[in-house]
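> Sequence:
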Amino acid sequence: MTAINGGVKINWGMLLFNIFTDMVMPGSRQARDYAVQICILLKNDRAYRVLLNSIRQEIHDQKTLLSLDFLTSQKRISTQVAAVATGLTDVQKDVQDTKDAFFHHLLDFRAQAQENYNNLTTQLGELVDYINRGGNDKKGEESSSRRPQPPPDDQNRASGGSTSRGGGSGGCSRRDYRRGSSKRRSSSGGGGSGTGGETYGPYGPYKKNDELWLYGKNHF
1 MTAINGGVKI
11 NWGMLLFNIF
21 TDMVMPGSRQ
31 ARDYAVQICI
41 LLKNDRAYRV
51 LLNSIRQEIH
61 DQKTLLSLDF
71 LTSQKRISTQ
81 VAAVATGLTD
91 VQKDVQDTKD
101 AFFHHLLDFR
111 AQAQENYNNL
121 TTQLGELVDY
131 INRGGNDKKG
141 EESSSRRPQP
151 PPDDQNRASG
161 GSTSRGGGSG
171 GCSRRDYRRG
181 SSKRRSSSGG
191 GGSGTGGETY
201 GPYGPYKKND
211 ELWLYGKNHF
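Heads up: the sequence shown begins at 1 in this note's numbering, then just goes up one per residue.
Heads up, a few of these hints could be off.
[What the hints assert, rightly or not] No farther apart than 20 Å at their CA atoms in a straight line, the calculated lysine to any residue pairs in the SDA-like style are these:
#1 LYS93 x ALA83
#2 LYS63 x SER73
#3 LYS99 x THR89
#4 LYS75 x THR86
#5 LYS63 x LEU52
#6 LYS43 x ASN53
#7 LYS63 x GLN74
#8 LYS99 x ALA111
#9 LYS63 x VAL81
#10 LYS93 x PHE103
#11 LYS99 x ARG110
#12 LYS99 x LEU88
#13 LYS43 x ILE55
#14 LYS43 x LEU15
#15 LYS99 x PHE109
#16 LYS43 x LEU16
#17 LYS75 x ALA85
#18 LYS93 x VAL81
#19 LYS93 x HIS105
#20 LYS75 x THR64
#21 LYS43 x SER54
#22 LYS75 x GLY87
#23 LYS93 x ALA82
#24 LYS63 x ASN53
Keep in mind that the hints were calculated from the coordinates and are not lab data.
Fair warning: this is a prediction, and the values are worked out from it, not measured in the lab.
Assemble the whole structure, with the sequences as input and the hints as a guide.
What follows is the structure, encoded as structure tokens:
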């Protein structure tokens, strides 16, 4: 049997065997000494037991304190982790709110830009239409100013109608002029003769009607 008391390793079995061996020998002085030592050891054993119990209690107390410290540290760490998680949730919420606000601002900006583009396109179209209308009006004025005037014969005819109604001298003079010109053409052509001493050429006299005056067409 081996035991440790106060850091000293004692082989009780061997010790007791030696003591009992000496005790059985009668008149042995050493036996009496061993008996005294056994009594001292028994007394010391009680003291050692009390010391061991106190050590055990102290160890238990230290273990309890360590457990309490561990639990306190674990609780503190859990609180810190919860605070960090809450802060992270708040940060994520702030980021999401900022993202949503930026997205709404971007949509508003795009809508405003599209509206400005539409307004600018409308104004530009109106400006182009106004410029085109001005150019067309200017071209119309230039074309009216450049329109060809009626021939002098038509002008004289238009003015000669009233003259013929008043006196008839203008119409007679024009007919005499044309008759003389037809005579000159017939004489230069050298063909045909008509009644009354007038020559008309190879195709006979001209047929005078309104188309001659209006369109310049001659009928033979």
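> Starting from LYS75, check that the Cα of ALA85 is at most 20 Å away, please.
Judged against 20 Å, a Cα distance of about 15 Å means the pair holds.
> For a C-alpha distance cap of 20 Å, please report whether LYS99 and ARG110 respect it.
Cα-Cα ~16 Å, so holds.
> Would you check the hint for LYS63 and ASN53, treating anything up to 20 Å between C-alpha atoms as holding?
holds, 15 Å
> If you draw a straight line from the CA of LYS63 to the CA of VAL81, is it 20 Å or shorter?
Violated - the C-alpha atoms of VAL81 and LYS63 are around 26 Å apart, more than 20 Å.
> Check the hint pairing LYS63 with GLN74 against an upper bound of 20 Å on the C-alpha distance.
Status holds; Cα separation ~16 Å.
> Between the alpha carbons of LYS99 and LEU88, is the straight-line distance 20 Å or under?
Measuring from Cα to Cα gives roughly 16 Å; hence the hint holds.
> Is the hinted pair LYS63 and LEU52 satisfied, with a Cα-Cα distance of at most 20 Å?
holds, 16 Å
> Can you confirm whether the C-alpha distance between LYS93 and VAL81 stays at or below 20 Å?
Answer holds: LYS93 to VAL81 is near 18 Å, not above 20 Å.
> Are the Cα positions of LYS75 and THR64 separated by 20 Å at most?
holds, 16 Å
> With a cut-off of 20 Å on the C-alpha distance, tell me whether LYS75 and THR86 pass.
holds, 16 Å
> Decide if the proposed pair is consistent with the structure: LYS63 and SER73, CA atoms, cutoff 20 Å inclusive.
Status holds; Cα separation ~15 Å.
> Measure nothing beyond the straight line between the CA atoms of LYS43 and SER54; if it is 20 Å or shorter, mark the hint as holding.
holds, 17 Å
Hint compliance for this structure: hint 9 alone is broken.
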